[in-house]
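Number of protein chains: 4
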Amino acid sequence: MAKELRIGLVGYGFMGRTHTNGYKRVNDFFPELEYRPVLQAVCGRTEDKAKEFAEQWQFKSYETDWRKLIARDDIDAIDIVTPNDTHAEIAIAAAEAGKMVLCEKPLARTAEESLPMVDAIEKAGVANTVWYNYRRIPAVSLAKKIIESGKLGKIFHYRANFLQDWTIDADLPQGGAALWRLDAKAAGSGETGDLLAHCIDTAIWLNGSIKDVSAVTETFVKERMHTQTGKMEKVEIDDACLFHCHFDNGSLGLFESTRYARGHKALYTLEINGENASIRWDLHELNYLEYFDYSDDSEVRGWRKIHITDGDQPYMDHWWVPG
Amino acid sequence: MAKELRIGLVGYGFMGRTHTNGYKRVNDFFPELEYRPVLQAVCGRTEDKAKEFAEQWQFKSYETDWRKLIARDDIDAIDIVTPNDTHAEIAIAAAEAGKMVLCEKPLARTAEESLPMVDAIEKAGVANTVWYNYRRIPAVSLAKKIIESGKLGKIFHYRANFLQDWTIDADLPQGGAALWRLDAKAAGSGETGDLLAHCIDTAIWLNGSIKDVSAVTETFVKERMHTQTGKMEKVEIDDACLFHCHFDNGSLGLFESTRYARGHKALYTLEINGENASIRWDLHELNYLEYFDYSDDSEVRGWRKIHITDGDQPYMDHWWVPG
Amino acid sequence: MAKELRIGLVGYGFMGRTHTNGYKRVNDFFPELEYRPVLQAVCGRTEDKAKEFAEQWQFKSYETDWRKLIARDDIDAIDIVTPNDTHAEIAIAAAEAGKMVLCEKPLARTAEESLPMVDAIEKAGVANTVWYNYRRIPAVSLAKKIIESGKLGKIFHYRANFLQDWTIDADLPQGGAALWRLDAKAAGSGETGDLLAHCIDTAIWLNGSIKDVSAVTETFVKERMHTQTGKMEKVEIDDACLFHCHFDNGSLGLFESTRYARGHKALYTLEINGENASIRWDLHELNYLEYFDYSDDSEVRGWRKIHITDGDQPYMDHWWVPG
Amino acid sequence: MAKELRIGLVGYGFMGRTHTNGYKRVNDFFPELEYRPVLQAVCGRTEDKAKEFAEQWQFKSYETDWRKLIARDDIDAIDIVTPNDTHAEIAIAAAEAGKMVLCEKPLARTAEESLPMVDAIEKAGVANTVWYNYRRIPAVSLAKKIIESGKLGKIFHYRANFLQDWTIDADLPQGGAALWRLDAKAAGSGETGDLLAHCIDTAIWLNGSIKDVSAVTETFVKERMHTQTGKMEKVEIDDACLFHCHFDNGSLGLFESTRYARGHKALYTLEINGENASIRWDLHELNYLEYFDYSDDSEVRGWRKIHITDGDQPYMDHWWVPG
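Chains as they are written, first to last, in our numbering: chain W, 846 to 1168; chain C, 846 to 1168; chain X, 846 to 1168; chain D, 846 to 1168.
Hints listed in this document are in silico derivations from the structure and should not be mistaken for laboratory results.
Check the hints yourself; a few may be wrong.
Which copy is meant is left open, because identical chains are indistinguishable; a pair holds if it fits in one copy or across any two.
As the list claims (entries may be wrong) - List time: in silico SDA-like cross-link candidates among lysine to any residue, alpha-carbon distance up to 25 Å:
| hint | residue 1 | residue 2 |
| --- | --- | --- |
| 1 | K896 | Y868 |
| 2 | K1110 | L1017 |
| 3 | K1150 | E934 |
| 4 | K869 | R981 |
| 5 | K894 | K999 |
| 6 | K848 | G998 |
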């Protein structure tokens, strides 16, 4: 039987819920894993809410001070799902306490803030991860496998975008529990750290390092009411970020992310064009990967829409049934 | 240089325009053809309209009596694009006069009415065709070629539908120049002869003969004002026709056509499922053929969207450039 | 806190896993429900497998005889996910024991076999359901809501199909743990009860009762090795079923289901055409509903692709975030 | 009857064929136009080919020297479809001769080369156009109309790309009749002038002027055999061009064009995101315009796929029938 991995979750927002859901389901589908997550404790500053969250999701206990959580002997791993400005302090303390560190992306607000985290982790020698979960979507993993097989040949282009529309309303305030993502002090950056970070992580994973970048950012709504001060304050995060770049392998990259693309709730698409073949993927069709192979017989050559649950796909043993 | 084929067109409605457009363009794109259509004369009962049509489309002359047209020595082929109730008489007269006969579908209103046409044609030994033009769409021709290659294996299913929505309005009258298609005396049948006839023709061409049929027809709007009588009269055409059938090759067929499918102007789709491969096509994406081949490597197997102008396709020499 | 509903699950195949997954997750997402399922016991004839299933999915206990399971005082509900030939006997016994009865579809192999089940349930007065789960897909529930609003007007057409391709291989045997669906003695019917039953259930829910039917069924592979006898035996289930019908509301229905549509793992689509508006849905795009409304301003009228998690949709409170 | 507009066509390549096709068809569909093009003469340096082209497309005469063509009294308009390096000289001479000037895009190889053309045209006061034909695609014209109606509100984003894959093969030579587009001396630029020029023209038409640009270009195949010298020579055109920009209206633009996107023959897409609504269009689905309007009732809100031939669309009178 799998060993227990006792989780201490810091934060109980949207990401707190998704991580908890993952912990509860992972062993149902992957019973062969070495570890089995146990929902040991959730931590939040507001006692009522922490307690309610613990009850709904069946955590064994709750805390209101993350330092106490880290100090507990019955916690193996600290999962950090709080606003970005708190990541560094918690992660460094957790590493120093010898805990496994599981940190939401982006790592922190700036590179300056992130480097001491890396140092602390390396010094403590603890297991760790940053939650760039898109790599593990089966269709994206298949893309990785096809790329590594060499079927694409020399890569010419990589393009990705992540489009949302949830902050267009100028009356939306900044700050507070739900909207810390609009407050530069808490979030560090806007969608660059929130959405574009995913696009970049997947790109580096699939296509290697980026050599140079020419970027532009924009803040369309310049002032928003701040929930903590009650006043209109300057918005210092970016609403959109676009860039073109060169990858080390000589290909050109084009990236765009925004929260002002009316009609898109969470459109994440990527496409890679190689000499011999191309691949594209769209989060809205999560389980498909599109693939064009120039070496196909030309009479029946065309973009293929591969359904990831059809046949001998890598995650197939863990799926329900084909389809 | 190609020989002249002097056309006498009987009728100047929607189909008169499309045929004329085809005649004017065919040699631009297929200069190697043996014949070159010449717009010799158009024929219609109303002189003003026949003259206007001739001028707009550059016919050399016009007639108001189709018998005179057939009698002319300078006409090689009679193209019949009049309402269905007139096809038989004109076609038989044209064949007897030794003209090539080009007849719009459906051949006539009933099998009884059609057989003498076939007899006349065979007796006269004249060249002839019925305008089931969908066979010649490049993607449909490619489907034919793939099927003949044997790639599909044993065929299990053939399904097709043709959906329109243009007669839903109960205030639309029946009869007259534009709306003879709603008048059973002129049209013989409703969408069975109009739309479903195309589906059946393509099906027989691609999948062989039909052995038995179980059909249902429906007339949703029971009475419409008749433009000739000025009174509400019973509608005797069918508004929709659905059937399932067996083909001689053992496959099951499913067909549907209607003029009451709100939201569809002219949706014609077909799909063939074989043991090893499947094909589907959609008139709204005219130049694509979708193809699924089970013998593909399972990791990258999926429906392929073949663009008919990509590469070594049969009509490619006559296209602009790939894409 | 929600009351416990102690589940006794009979069967541990594919449907056993999906039901269990549902029981484990339902309260995470719907914390306000009156009941909370508890995985009390799973029952299967092979002790090793029942035990293993109980451990993987965290059932508190297991049984090897369903009569013992029904007799237990600590079980509130019997969930029947065994082959179809066993549904009636188990359901009747469960009802007589006063348990809630949750039975997989189809109810039984024939109407004759099903009627005593209904009688037993009614006599016992116990809560019960048959697992036609597609009704509860948010996009299908939205379709229901739109239809009930009257936006479609008079209904002309309903069409649905359910296409799979998993039994094309003639070497696939019939009978046994995995393949009882191919054995008429265990399954009663082929895809008529398996897939088409879903199409019919959704259709009746959305469009009312069916008045008459003209159907055809086909068995493409006539003989298969039987895993219990070791011999080639006649296949008595249907591989495909097609029918057209009239609904009580005057609309025409067209249905098709098959396990021989190469390239389709589980394509379930439905479309309803009304006088004023149409709706269509595709299981492969689970969270979208397509909608065409003729009353839209004609300049911007077109099929709308409604994302079910966008905005004020009925299930939205239980979803993650929009998108 | 429409007045004659006697065309003298300089060049007989791919664009020569498309322009000629347009001239031959325009009055069939737009009989009310003031002018009627007449195919007076085609001009090309190789006599055999000029003659053959004239015969196939039914030009009344041919020339081998464009200066003679311009000198002819029976020519009203000079249509220039030659390589880009010849545009300026021909256009200036035609303007000075008082002819209408119809020039293929891009206007010339550089701004320096183009300005004297503009001066000559203005001085001569002759009618003129540059063939940015995408503006006149009905769906793009509808986009323009919707934008002008104000339905989109403040514009945040404009993105467009034009992807092809026809020059990936490194063995493709540069120069000569067919491949002058790869020769910088003849073409001036690569896909920047060829494809991206279309994207930019449409963008400016729909979204106003561009304020600043940050661009990158790339030449993936550095050397190609030159058909005139027979030697490997440096390729000086750009194979791909990407840029981000600000428009004068404050929106961000993102553009990409390439001839190295394997799997795309001619993918031209554009999307505009406004505060209240968004629009997108794809050349592969020429007759559709997608439209998302946030002011729709949220329950049935979604991207609409507007079929340009449905209903009261601006070009509808010139179409066949709806659909």
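Hints and how they fare:
no.	hint	verdict
1	K896 to Y868	both (19 Å within a copy, 23 Å between copies)
2	K1110 to L1017	within (16 Å within a copy, 42 Å between copies)
3	K1150 to E934	neither (45 Å within a copy, 45 Å between copies)
4	K869 to R981	both (17 Å within a copy, 23 Å between copies)
5	K894 to K999	neither (53 Å within a copy, 39 Å between copies)
6	K848 to G998	neither (43 Å within a copy, 51 Å between copies)
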